[in-house]
Structure formats: C-alpha cells, structure tokens
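J.: Since the structure of chain E is provided, determine the placement of chain S on it from the hints.
If you read the sequences in order, they're chains E and S.
Counted the way the numbering used here counts, the first sequence spans residues 1 to 375.
Counted the way the numbering used here counts, the second sequence spans residues 1 to 375.
Hints are computed from structural coordinates only; laboratory data are not their basis.
Every residue gets a Cβ at the ideal spot worked out from N, C-alpha and C, and that includes glycine.
The list that follows gives simulated cross-link-like pairs (lysine to any residue, SDA-like), each with its CA atoms no further than 25 Å apart:
{"id": "1", "chain 1": "E", "residue 1": "Lys182", "chain 2": "S", "residue 2": "Val44"}
{"id": "2", "chain 1": "E", "residue 1": "Lys357", "chain 2": "S", "residue 2": "His51"}
{"id": "3", "chain 1": "S", "residue 1": "Lys365", "chain 2": "S", "residue 2": "Gly197"}
{"id": "4", "chain 1": "S", "residue 1": "Lys182", "chain 2": "E", "residue 2": "Pro40"}
{"id": "5", "chain 1": "S", "residue 1": "Lys220", "chain 2": "E", "residue 2": "Gly78"}
{"id": "6", "chain 1": "S", "residue 1": "Lys365", "chain 2": "E", "residue 2": "Pro35"}
{"id": "7", "chain 1": "S", "residue 1": "Lys194", "chain 2": "S", "residue 2": "Gln146"}
{"id": "8", "chain 1": "E", "residue 1": "Lys357", "chain 2": "S", "residue 2": "Arg36"}
Just a few of them, taken from the derived set where beta-carbon distance is under 7 Å, the chain S residues facing chain E:
{"id": "9", "residue": "Val32"}
{"id": "10", "residue": "Pro261"}
{"id": "11", "residue": "Asn262"}
{"id": "12", "residue": "Gly298"}
What follows is each chain in one-letter form.
Number of protein chains: 2
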Amino acid sequence: MMARFSVTYWIGAADEQEARARALDIALEQTVEIPRDAVPAGYVEDEILGHLERLEPALDGRSGFVAEISYSDDDIGGDFLQLLNIIFGNSSIKTNIRVEDISLSEGILNLCSGPRFGMPGLRERTGVAKGPILMSAIKPVGLSAQELGRLAHDFALGGMDLVKDDHGLVDQRTSPFVDRLKACVDGVGEANAKTGGRTAYVANITGPATQIFDRAWMAKEKGAGGVMVAPALAGYDVTRALAADPEFNLPIVSHPTFAGPNMITPTTGFSHRFYFGLLQRLMGVDVVVYPNFGGRFGFTLAECQSIVRGAQMEFGGYKPVVPAPGGGMTFERIPEMQAAYGERVMYLVGGALIREKANLTNASKRLVAAVRGNA
Amino acid sequence: MMARFSVTYWIGAADEQEARARALDIALEQTVEIPRDAVPAGYVEDEILGHLERLEPALDGRSGFVAEISYSDDDIGGDFLQLLNIIFGNSSIKTNIRVEDISLSEGILNLCSGPRFGMPGLRERTGVAKGPILMSAIKPVGLSAQELGRLAHDFALGGMDLVKDDHGLVDQRTSPFVDRLKACVDGVGEANAKTGGRTAYVANITGPATQIFDRAWMAKEKGAGGVMVAPALAGYDVTRALAADPEFNLPIVSHPTFAGPNMITPTTGFSHRFYFGLLQRLMGVDVVVYPNFGGRFGFTLAECQSIVRGAQMEFGGYKPVVPAPGGGMTFERIPEMQAAYGERVMYLVGGALIREKANLTNASKRLVAAVRGNA
Numbered sequence: 001m002m003a004r005f006s007v008t009y010w011i012g013a014a015d016e017q018e019a020r021a022r023a024l025d026i027a028l029e030q031t032v033e034i035p036r037d038a039v040p041a042g043y044v045e046d047e048i049l050g051h052l053e054r055l056e057p058a059l060d061g062r063s064g065f066v067a068e069i070s071y072s073d074d075d076i077g078g079d080f081l082q083l084l085n086i087i088f089g090n091s092s093i094k095t096n097i098r099v100e101d102i103s104l105s106e107g108i109l110n111l112c113s114g115p116r117f118g119m120p121g122l123r124e125r126t127g128v129a130k131g132p133i134l135m136s137a138i139k140p141v142g143l144s145a146q147e148l149g150r151l152a153h154d155f156a157l158g159g160m161d162l163v164k165d166d167h168g169l170v171d172q173r174t175s176p177f178v179d180r181l182k183a184c185v186d187g188v189g190e191a192n193a194k195t196g197g198r199t200a201y202v203a204n205i206t207g208p209a210t211q212i213f214d215r216a217w218m219a220k221e222k223g224a225g226g227v228m229v230a231p232a233l234a235g236y237d238v239t240r241a242l243a244a245d246p247e248f249n250l251p252i253v254s255h256p257t258f259a260g261p262n263m264i265t266p267t268t269g270f271s272h273r274f275y276f277g278l279l280q281r282l283m284g285v286d287v288v289v290y291p292n293f294g295g296r297f298g299f300t301l302a303e304c305q306s307i308v309r310g311a312q313m314e315f316g317g318y319k320p321v322v323p324a325p326g327g328g329m330t331f332e333r334i335p336e337m338q339a340a341y342g343e344r345v346m347y348l349v350g351g352a353l354i355r356e357k358a359n360l361t362n363a364s365k366r367l368v369a370a371v372r373g374n375a
Numbered sequence: 001m002m003a004r005f006s007v008t009y010w011i012g013a014a015d016e017q018e019a020r021a022r023a024l025d026i027a028l029e030q031t032v033e034i035p036r037d038a039v040p041a042g043y044v045e046d047e048i049l050g051h052l053e054r055l056e057p058a059l060d061g062r063s064g065f066v067a068e069i070s071y072s073d074d075d076i077g078g079d080f081l082q083l084l085n086i087i088f089g090n091s092s093i094k095t096n097i098r099v100e101d102i103s104l105s106e107g108i109l110n111l112c113s114g115p116r117f118g119m120p121g122l123r124e125r126t127g128v129a130k131g132p133i134l135m136s137a138i139k140p141v142g143l144s145a146q147e148l149g150r151l152a153h154d155f156a157l158g159g160m161d162l163v164k165d166d167h168g169l170v171d172q173r174t175s176p177f178v179d180r181l182k183a184c185v186d187g188v189g190e191a192n193a194k195t196g197g198r199t200a201y202v203a204n205i206t207g208p209a210t211q212i213f214d215r216a217w218m219a220k221e222k223g224a225g226g227v228m229v230a231p232a233l234a235g236y237d238v239t240r241a242l243a244a245d246p247e248f249n250l251p252i253v254s255h256p257t258f259a260g261p262n263m264i265t266p267t268t269g270f271s272h273r274f275y276f277g278l279l280q281r282l283m284g285v286d287v288v289v290y291p292n293f294g295g296r297f298g299f300t301l302a303e304c305q306s307i308v309r310g311a312q313m314e315f316g317g318y319k320p321v322v323p324a325p326g327g328g329m330t331f332e333r334i335p336e337m338q339a340a341y342g343e344r345v346m347y348l349v350g351g352a353l354i355r356e357k358a359n360l361t362n363a364s365k366r367l368v369a370a371v372r373g374n375a
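Bound conformation, chain E alone (with noise of 0.2 Å):
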C-alpha cells in the first residue's frame, strides 16, 4: 500500500445511517467513480477506492456527520488539480456536504512545497520584525500606468510595506502590464531611495492562459517584489507551480475574486479555515487576501478568526500564510482589528487611503503608525 491522506467532510444527514451511505457514496464519486458493485478487485478496490476511516456525529452544537475518508496517494499522481479532484470534484455539485480537514501524506508533501517565504520570508523581506505588515492596492481601473505609478510611489513613501495592483489591474489600453510594471516597479524604487524603506510592487499576472506565466517571471526581471494572483480564476496549480520554482523565489499573494461561491453557504463548499488557510499553504502562497468581517462581505469574525488559524496552524511543517483581511477597512476600525487579530495579519487597506489621493502619503503614515504605533 502507498501512503494514504484522509480529508474530513462535514455531512449533513439525518441519522448515522444516512451519513454512513453518503460517506460511502464520497469514497466512490471521488476515486473511481462507477458503481460500487462494479469496482474491480485488488488494486484498485484496495488501493484507490476511498476508505471510509471515522463517522461520528458533529459536534460543537452542529447537526450532521463528520467523516473521515482516506485516499491513495497513487490517485493524486503528483498532480495538484488531482489532488483537488480527490478531496471535492464530483462531491462539489452536491448540498449537504463540506471539506472541513484533510491530514497529509508523502505524496502532498512531495507535490506542494508550500509557501516559500510565509510569514518569516515575509517579515524578512519587508524589515518588519514585529507589528503588523501593511499592504495597500492601487486603483481604480482607469487611471493610466503613469497615474498608478504615482500612487505606488505615494504609498511607499508613506510606508506601506507592500503596495498590490488591484486585482481588476491586468493589460487595458490606459495601463498595459508592461507599462504600469516599470511605472510601479520605478515609483516604488524612487520612493525606497529616498526613505532607505523596502516597499515592494506586487504585481497582478492573472490573465490569458497562455501569458500567465511570462508575466510572472516578466515581473520578476523587472524588479517586482512579489506577484498577485487569483487562482479561482486563474486555475488552482499556477501559485504551486511558482512556489516550488526555486528561481522564481518572489512572495506570492493568492486574491479571492471569483471564489466566493467556494465557502459562502456552511453546508456547501469548503469550510474558510479549510480554503483561505489550509488550502493556500499546499498552494505555496504566501499571502492570502480575504474579506475582512464586519467590511463589504458578509464573513463573520469566527469565520475570519478560522482563516487565521488555518493560515498559520502547525500544518506538515508548512510555513505559516499571512492572513491579510481586505474590503472596507478603515481608519475607524483599527482597533477592533487589532483586538481580533493582534499582529497575526497583515492590513490590507486600499479604498480608505485612495479617498485621500491628494494626501495619500500623510495618510499612509498615519495608518502606519496607528497599525504598527511604535512597534
């Protein structure tokens, strides 16, 4: 027998009977997919059939099952999208069911080398030793690569740690890649010169299929400090791919456009802890941008305090992920923030500081020193 992996799904279910069958029924879809009774004997029922290890009710005052099914490692085939495949495909279309854990393996561990510089890479680069990291994003859509430039520039004289594209940034005719890379990549440098400061560009290479790739070693050469990337979008394997790329060797920020639908029922999909923690990590991101509670998006703060201990839990002895919660943080709200997470996220401000455009540095700095005070 190869090495085995065990992912836990919560299974909504009337009695342990019912959860029993359906347990049954993921151990199937997700492996061999064809009749039970039709499963060939021997190595494919032994080794590649799920195995149904543990069914026990929920607990934590939750309805349903939890179940505990292993997998082969000879399934995965060293593929990402495999693994993928195994732990939800099929069962994704189904209600009632949800990817809660999943235990490691030779074969995971082999295939995802995970985050190459997580939360030490990242303190590391950025000089930030202790207190937060501070990430802002330029936008909106529309500006030229010359205006976007500026704002970088503005952010990092201001102190930002990392200054994003905003993820809506890819090739339009008012700024092309091309040109907004070398506006930021200079604007941040400019900056850095006259600060002595390390702000880094983080560039967005979601795009074509066939591009992806070469934007992210393009903005590698052309001095980019990490690169943006929404795998929802993009596909689940470009950030692994990058990660265990020992040339490629930049932080990379994983953005959640698009992956909605992928946690936000709590009987469908995965759970948060699972996909803007756990996931992220085999992915080999190192920054993980999620909607922040209490902003525009509807996560609560245990939910967003699940994603924080998913990103940074002991995990195969993956790097920890830095959690970095977006959308509609304010000045306002630091406080709450820094109650609810101390210093184990990154701030990610974008909108409350491109309200101040003309005053954007000032503004920067004071974010700054009101995040990190004097830290």
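T.: Leaving out everything else, chain S in the frame of chain E:
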C-alpha cells in the same frame, strides 16, 4: 464611449430601495472598488464605473429584484479572466446575488471566438446527422493504460461516438498520460478500422499549469479526437485560448468537477443556464458535461432544461454547445431522458456500461440502438 455589455443579476432585497443600493454597490465593486466619492470624474466615472441600466422586481414568482448593470469594453482589456472578474469577481463572495444573464458587446465578441465545432461540428465529425450523439468514459483510475485502451476499443466497437477519459485520469503511474493517449488512440483506431466508424478519443488534458497546453498539443499530434478540460480547476481561460487557435482545431469537452459551488444554491453563484450554457459558449467549449436530473446529483429537470436552453439559444451568433448530461445514467432512464431532451443532448454513459465490462461492446451497441433507434 466604448461599447458596453451588460450583466443581469438577481438580487435578494426586501424592497426596491435596498435593491437599488445593492445594485449600485455591485456596479462599484465590480469595476473601481473604491468608495463612490473617491471615483475620479471623467473617464473612470463615465466609462469604467458600472451603470445601473434597469432594476425591477423578479418575475416567475421569485422574490427579490433583477438588476441589469452595464460595463465598458475598455474594462475587459481583451482578457477573459478580467471579463469574469467584472461579471462576478468580488461580488461572488456576497450572498443573495446571482448572475442570470449577459448581453454581448464588440469587446466580448472579439475576445471570445466561441465553440469552433458546437452541435453542427460535432454532428459532422461523428457522422451522426440525426438523433443524439453518444459519449462514454473510460475508468476507473488504477487500471493500466492497456486496460483503459481496451475499454476505449470496446466502446468504439460498440458504436459510441466519443470515448473520453474519466476526469480523474491524469498522469498516475498506473496509466501515464502519454501511454494512455497512445493506447486509447490505438484502441479506438483499431475499432474504427473494423467498423468503418469515426469514434473519437477525448483526452483529459487537465493537469499541471505548466503542462496543460503541451498535453493539448500532444493529444492532437498523437491522434486524439478531442480534449477535456475541467475549467474550475485548470482556470477559465484554457478552453478559450485553445478554441481561438485555428491550428488546434479539436473539439473541447468541459467537465464540471470542482465547479459545484458555483451554482448549487439558488441565491448565490450563477444560474444553471448561465454557468453551463452561456458561459461555456464564451469559453469556446463544444461539449459541456453537467449533472443530469435524477442521477447522483441534485439538479432538477427544470434546471437541466434551462441548461439546454442556455447551450442552444441564439447568443451572439455563437454555435450551440452540445449539452452532455451525465452522472448516473442507466438504460432504464433512456425514455425519461428522451422525453426531457429529445435529440438536443449528447448521452454520456460511463459507469452503467463499465459495469458490463465483459460485454462492453454489446452493451454499447444496445445503448446506441436504444438511444438512437433507427435514426
């Protein structure tokens, strides 16, 4: 002003005032993602910001409202993933909002060449002028390339028009991609030589981000008659890029694995018609696999019929995509499916035939006869 396209959303709201506020939030969120009072006057406000074009109560006995929001071709920037960003990126993380429809524009029509084959092309390639086309799937994972090639041969000998890989078959050591490709092309070719038929082998090219296009071209070079992609895993631009390439010129099958959360709740994600119909046509998909009603998944008859409408209705001149309902199809269900779909769909039968492994060719012949009759 550039040409504009518009997206129609269903919005859950207690009254028109709330619906309007939510619609205006969407127009902002999907484009500039900064506070309304920070949107620069002129080009950004006039052109890039979404315009609320229409807001009215939902019909068909549904609660809530329907909002039509228009967006600029300039915002797309010739990038399909950015088009999806605009349609539903960040708003996908909200609940009580669902994508229902899209109107096209010059920018979309230039970017998306649509299905190269679609229903007419598939009929021509398979030689099935009338009656449903049939597709089967070789599986399970764990069989050798030779065993899978034998299954492909037997299906072809039995008259199945297309024989596709199971979506879980990637590059496992039991059946490496290259070996399986050869075994299946050879197996199907041998059967075609015996029957004079035109069965095509459809290779699953979903795999590592750095290899997916290589696999597509290898499949073509080695004689596959089509390729299969799981867009929710591999990214949403892969099929569009392949369909747009005149040199590639092979039918593309889209598989729904991992896509479930995008449409399984009625108040989030996409309508079935949009996701499995309109979107697939923009993606250049020729055959779209979706879960049939009454099978292992929870889709209703009405939802499935809406998929067929979305796949085949007039839509910017794009060819109709071939809907392929699968997931638990059996001989017994043929009359019910004929009543529901007529000859507008491709019958996808995997497990029910695999079960009769020893008599796969005869079982396939019986299925073809039962589905197509004397047509």
